[in-house]
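Asks: For the sequence shown, the tail end lands on 164 under my numbering, and the numbers increase by one without skipping.
Since the hints were derived computationally from the structure, they do not count as laboratory data.
Please read these numbers as outputs of a predicted model, since none were measured by experiment.
Hints are supplied without guarantee of correctness; some may be wrong.
The calculated DSS-like cross-link candidates involving lysine-lysine, where the alpha carbons are at most 25 Å apart (straight line), are [unchecked claim]:
hint	residue 1	residue 2
1	Lys162	Lys30
2	Lys55	Lys30
3	Lys106	Lys55
4	Lys112	Lys162
5	Lys30	Lys43
6	Lys30	Lys112
7	Lys110	Lys43
8	Lys83	Lys110
9	Lys112	Lys55
10	Lys71	Lys106
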Amino acid sequence: MAAQNVMSAQEIAESKLVFTVLDKNSDGKVSVCDIRTTMHKLGHDVSNEDCQEFIKKVSCNGNASFNEKDFLAWMETYREKDSETVLLDSFKAFDKDKNGLISRQELQEGLELMGVHLTEDMLDGMFSVADRNRDGGISFEEFVRVMKPS
């Protein structure tokens, strides 16, 4: 049972990538400014208070910022929470027009905002794998299937 609580190498690598995206000035710490900038680029306006509350949850020593070690420890705990809610929030961040589908354009823009730049062929391949019913959009169910393979 304890083995389930340990993050896999892939989960650690993905968490480190998220930390790098959040750490806008590459100083090894994520601050309120870093979070607000990232969230603004994703189309969400968050208050300083909300950012400070998040930092307080993540920081192991109550600082005004958190480092990668703090973030990895928090991710270890957080990943055990309701993954469906996390996936829904992620899906909504990509679904800019809120039509219940992620278009190819929304996928590309969302990835670019996170600093992930793909070639057209790579993007086409990714979209093709996710859009299983070939309706031109990635539904939440398709998104979950890709993000949480069983």
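Asks: If a hint holds in the structure, say so; if it does not, say that too.
Replies: We went through each hint and held it up to the structure:
no. : hint             : verdict
1   : Lys162 to Lys30  : holds (18 Å)
2   : Lys55 to Lys30   : holds (19 Å)
3   : Lys106 to Lys55  : holds (14 Å)
4   : Lys112 to Lys162 : holds (22 Å)
5   : Lys30 to Lys43   : holds (12 Å)
6   : Lys30 to Lys112  : violated (29 Å)
7   : Lys110 to Lys43  : violated (29 Å)
8   : Lys83 to Lys110  : violated (32 Å)
9   : Lys112 to Lys55  : holds (17 Å)
10  : Lys71 to Lys106  : holds (23 Å)
The structure fails hints 6, 7, 8 (numbered hints given earlier, in ascending order).
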